[in-house]
Amino acid sequence: MRELIFGKLTFDALPHEWFTEGGTFFMTLTGLALVIYLTYTKRWKWLWQTWMTSTDPKRVGIMYMVVASAMFFRGALDAAIIWLHQSLSSGSNPGIMNADHFQQIFTAHGDIMVFFVTMGFLFGLLNYIVPLQIGARDLAFPFLNTAGFWLYAAGAMLINLFFVLGGDFAATGWLAQAPLSELQYSPGVGVDYWIWSLQVSGLGTLLGGINFLVTILKMRAPGMTLMRMPMFVWTSLCSMVLVISIFPILTITITLLWLDRYFGMHFFTTGFGGNPMLYTNLIWSWGHPEVYVLVLPAFGIYSEVVATFSQKRLAGYGSLVGGAIGVTAFSVLVWLHHFFTMGANADVNAFFGMMTMIIAIPTGVQVFNWLATMYRGRIRFTTPMKWFLGFVSTFTFGGMAGLLLASPAADFQLHNSLFLVAHFHTMIIGGALFGIFAGITYWFPKVTGIKLNERLGTYAFWCWIVGFFTAFVPLYILGLMGATRRLDHYDTATGWQKLFITSGVGLLIIALGTAIQVIQIVVSIRARNKNRDETGDPWNGRTLEWATSSPPPHYNFAVIPKVEDRDAFWVMKQKGLTKPKRYEDITLPKNTASGIYLSICAFLVGFAFVWHINWLAIAGIIGGIAVVIIRSFDEETEYVIPAAEIKRQEERHAPRT
Amino acid sequence: MKKYTLGFVLSIILTLAAYFAVVDKFLSGFNLTLLIVALALVQLCVQLYFFLHLDAEEGPRWNLSALLATAGMILILVAGSIIIMNNLKYRHNVPDTKTILENEAITK
Amino acid sequence: MHPEHNSGKYIFGFWVYLMTDLIMFAALFAAFAALRISTFGGPTMKEIFDLPQIMIETLILLMSSFTCGLAMLAVFRGKKKLSFLWFGVTFILGLAFLILELSEFRHLINDGQSWTRSAFLSSYFALVGTHGLHIAVGLLWILVGLYQIKTRGLTPFISSKLVRFSLFWHFLDIVWIFIFTFVYLMGVAT
Numbered sequence: 001m002r003e004l005i006f007g008k009l010t011f012d013a014l015p016h017e018w019f020t021e022g023g024t025f026f027m028t029l030t031g032l033a034l035v036i037y038l039t040y041t042k043r044w045k046w047l048w049q050t051w052m053t054s055t056d057p058k059r060v061g062i063m064y065m066v067v068a069s070a071m072f073f074r075g076a077l078d079a080a081i082i083w084l085h086q087s088l089s090s091g092s093n094p095g096i097m098n099a100d101h102f103q104q105i106f107t108a109h110g111d112i113m114v115f116f117v118t119m120g121f122l123f124g125l126l127n128y129i130v131p132l133q134i135g136a137r138d139l140a141f142p143f144l145n146t147a148g149f150w151l152y153a154a155g156a157m158l159i160n161l162f163f164v165l166g167g168d169f170a171a172t173g174w175l176a177q178a179p180l181s182e183l184q185y186s187p188g189v190g191v192d193y194w195i196w197s198l199q200v201s202g203l204g205t206l207l208g209g210i211n212f213l214v215t216i217l218k219m220r221a222p223g224m225t226l227m228r229m230p231m232f233v234w235t236s237l238c239s240m241v242l243v244i245s246i247f248p249i250l251t252i253t254i255t256l257l258w259l260d261r262y263f264g265m266h267f268f269t270t271g272f273g274g275n276p277m278l279y280t281n282l283i284w285s286w287g288h289p290e291v292y293v294l295v296l297p298a299f300g301i302y303s304e305v306v307a308t309f310s311q312k313r314l315a316g317y318g319s320l321v322g323g324a325i326g327v328t329a330f331s332v333l334v335w336l337h338h339f340f341t342m343g344a345n346a347d348v349n350a351f352f353g354m355m356t357m358i359i360a361i362p363t364g365v366q367v368f369n370w371l372a373t374m375y376r377g378r379i380r381f382t383t384p385m386k387w388f389l390g391f392v393s394t395f396t397f398g399g400m401a402g403l404l405l406a407s408p409a410a411d412f413q414l415h416n417s418l419f420l421v422a423h424f425h426t427m428i429i430g431g432a433l434f435g436i437f438a439g440i441t442y443w444f445p446k447v448t449g450i451k452l453n454e455r456l457g458t459y460a461f462w463c464w465i466v467g468f469f470t471a472f473v474p475l476y477i478l479g480l481m482g483a484t485r486r487l488d489h490y491d492t493a494t495g496w497q498k499l500f501i502t503s504g505v506g507l508l509i510i511a512l513g514t515a516i517q518v519i520q521i522v523v524s525i526r527a528r529n530k531n532r533d534e535t536g537d538p539w540n541g542r543t544l545e546w547a548t549s550s551p552p553p554h555y556n557f558a559v560i561p562k563v564e565d566r567d568a569f570w571v572m573k574q575k576g577l578t579k580p581k582r583y584e585d586i587t588l589p590k591n592t593a594s595g596i597y598l599s600i601c602a603f604l605v606g607f608a609f610v611w612h613i614n615w616l617a618i619a620g621i622i623g624g625i626a627v628v629i630i631r632s633f634d635e636e637t638e639y640v641i642p643a644a645e646i647k648r649q650e651e652r653h654a655p656r657t
Numbered sequence: 001m002k003k004y005t006l007g008f009v010l011s012i013i014l015t016l017a018a019y020f021a022v023v024d025k026f027l028s029g030f031n032l033t034l035l036i037v038a039l040a041l042v043q044l045c046v047q048l049y050f051f052l053h054l055d056a057e058e059g060p061r062w063n064l065s066a067l068l069a070t071a072g073m074i075l076i077l078v079a080g081s082i083i084i085m086n087n088l089k090y091r092h093n094v095p096d097t098k099t100i101l102e103n104e105a106i107t108k
Numbered sequence: 001m002h003p004e005h006n007s008g009k010y011i012f013g014f015w016v017y018l019m020t021d022l023i024m025f026a027a028l029f030a031a032f033a034a035l036r037i038s039t040f041g042g043p044t045m046k047e048i049f050d051l052p053q054i055m056i057e058t059l060i061l062l063m064s065s066f067t068c069g070l071a072m073l074a075v076f077r078g079k080k081k082l083s084f085l086w087f088g089v090t091f092i093l094g095l096a097f098l099i100l101e102l103s104e105f106r107h108l109i110n111d112g113q114s115w116t117r118s119a120f121l122s123s124y125f126a127l128v129g130t131h132g133l134h135i136a137v138g139l140l141w142i143l144v145g146l147y148q149i150k151t152r153g154l155t156p157f158i159s160s161k162l163v164r165f166s167l168f169w170h171f172l173d174i175v176w177i178f179i180f181t182f183v184y185l186m187g188v189a190t
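Each protein sequence line maps, in turn, to chains V, G and S.
Residues in the first sequence are numbered from 1 upward in steps of one, following my numbering.
Residues in the second sequence are numbered from 1 upward in steps of one, following my numbering.
Residues in the third sequence are numbered from 1 upward in steps of one, following my numbering.
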């Protein structure tokens, strides 16, 4: 009877180790503080109406950024623990924790940084910027957008829930490699938490992908042909095409793993004819394109930043577009390079090796485009521009290491070594994360109307660059010396400890950089009267997001701009900006809480399956279906802002040029 | 109405053809496989044309483009997986040295 | 022919969703292809597939795709009763298909050949079962659609939803052609 109601959930699941107790304590404390603050300032209604149920992509974008920032600190804390353990755990010193716990931490670190930090930041930027850049007032499917965000948030909650209930996370590496992730070898709930947090947030990502694809293809302002789209829109489009192509594979792959664990199927088991390598094959046919999903929008950000701060048109726009499309196409043809050592024959390995090297060409083309854009430009070395230059040097460095790994013969030596770890950190941090930082500093004045402090931004940048190389160059060297990834203990005679410690010093410098970034935001907002930008166009920008006030009104543009050329706003400025003579009524989507209800149901289903509480899972599924059906009856999903109201708002807030 | 009926009749003919090709075995082995796969692909086109009216799209043909891109992705995923997994199977169940030497064109 | 099929972000968005669904099926097909001969001493495909029954299932589904098309024609011509009738027929045919499929599953499980028996059977149940799950969702959708036609009539809002349903239903038929060919026919042929 008890099993019927609570499944596998017992009192043993409550926290009883230092890290779960600490995590639970911290989360409870933060939650409690928030509740008290909101109640004290009477902001519950405000939170619900202006934020949680909002369908405005700008607000959804900011919520993505907030969740991603919180998850960034969680992931960074994991990184610090990994480093601390590895620096100490040599010879007779056992380090700060046992092997099993260490494995859980590096698994969580990888998953959080990829799924909840980088993806979260990117979807945040996409939500805010893409509609503005294409001159639209909204996304194609506002309800799907909030549903996507809340599913992402539910996934983020599920991945942290093991602190409170269960106490163990997957100890399998960030992709839960089979057969280690099968029931036989991982009997705990850790892998189930992994499955369901990814499943729920992956569903959100898929909805987002469909939404942005349709938005970009169908909702552009009049005159904005494909070849007049800003580069960020182009690379976002490519990234979303990849999301649509690969996230279904992830959904199916982890569903199959779950079927193995829940229903005793034999897809990836070691017995009964199952094939663990099939898991590796499927998960990487999602996993490799995924890194391009992360890095492509960042390429778009760099394109915007370079053109704006070189005060020039992008050099070779056509080849940049071609490069982005080329990267997209080739990225689905390289997945086997993650398992060269599986034992395929020379033909197969050579094919995927060559494809991997070829993909460097469209990537390289884009790098040269950016350099050519700077050539003879009047460059302003602002913080976003510095992040771009940092990216070029770091990313090229990491790319070279990638080319080495692309050779199957070399890969047999370097596979699963710290060299590989250093390589992909160089690509993700140097490529995607620096792009996100560039994007945040570049668009912060648009989002808030306040420019960020340049001096602190520069300090943060230098901390990151110096810290990054101090942290990861030792890992390249360690990898070549034979240190494997996921190493929880090593012999003193290897002489690796010095390098591990050096790497940790780099991490501290990076932490300093992150602290400065936080201070930068706080300081800039506190001195907002000095830093305020009232023109809506602080950088002398080129694309449409700068054509409206900062922060943009709810409806983005009082009058939808007409696009006549690439760099639409720049062209408009050359011709002289004019005030619109008359305004028209604007139709916008209403708020909806259906997205939240849907994600609560998804959360309950995930939680129920983790703990084998079948009635709750069925209830959650029925609830989710009910929300969708009820929503399908709703015809009044939009409201109208009258022209007079637009006129009033525009007179108060329009950019003062 | 006419278009749907024609599509329906064609689909039935194609389905029955594939069914009886297998049941009555008037081909065998690889040729049979080829035949039924070809019949399935023809039926795919029939249904796309007669039931989903893919030809009626106006302006930029995003529906068709999306379908073609998806077809490419499916081909890469399924064919790639089959090649990779079969290759692995062959390499892991080593039957005898002679077969390997022959298949890999190694001469002593 | 029908402008509703091709214009509008809703139809295109749903079309893109269908593309993602196709890729999900592709991943299941890939798993099936890799595991189809991994019977681990259990039954092989030849031993368990009852082709005549599958053929009947196929014809029923094909017929339901056709009646769904007829229902849509009635929708475009604004004939409420006729569309109601044809959707009703589609529902009954879909239900018949699902019952036949479930009886096939039950038969296998009663013979001790469930998904736990071998990797082949796991992949078979997962692939065909996912299709069946989609059919079940489609049936629920028809019920909601019938209710909406009855209470609100064939307004543009309702018609647009029905167009999307018909796309979904035709797609399930197309996926079934491939299951019929690659799973059943090829399973018996080779």
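FYI, nobody ran anything at the bench for these hints, they're computed from the structure.
There may be inaccurate statements among the hints.
[As the list claims (entries may be wrong)] Covered stretches of chain G (chain V as the covering partner; in silico rule of three or more C-beta atoms under 8 Å from a C-beta of chain V):
hint: 1; segment: 23-29
hint: 2; segment: 38-45
[What the hints assert, rightly or not] Sample of chain G residues facing chain S (criterion: CB under 10 Å; computed from the structure):
hint: 3; residue: Ser11
hint: 4; residue: Leu48
hint: 5; residue: Leu77
hint: 6; residue: Tyr90
hint: 7; residue: His92
Beta carbons are placed, not taken as given, at the ideal position from N, Cα and C, and that holds for glycine.
So, going through the hints one by one against the coordinates:
1. Using a Cβ-Cβ cut-off of 8 Å, 0 residues of the segment 23-29 of chain G lie near chain V, which falls short of the minimum of three, so the contact claim is violated.
2. For the segment 38-45 of chain G, the assignment as covered by chain V is violated, since 0 residues bring a beta-carbon within under 8 Å of that chain's beta-carbons and 3 are needed.
3. At about 5 Å, the closest approach between the beta carbon of Ser11 of chain G and any beta carbon in chain S falls short of 10 Å, and the interface hint on this residue holds.
4. For Leu48 of chain G, the interface hint holds, the least distance from its beta-carbon to any beta-carbon of chain S being 8 Å, beneath 10 Å.
5. Annotation: interface hint on Leu77 of chain G holds; nearest CB of chain S at approximately 5 Å, less than 10 Å.
6. The restraint placing Tyr90 of chain G at the interface with chain S is violated, with a minimum CB-CB distance near 13 Å, outside the 10 Å limit.
7. The closest approach between the C-beta of His92 of chain G and any C-beta of chain S is roughly 13 Å, which is over the 10 Å cut-off, so the hint fails.
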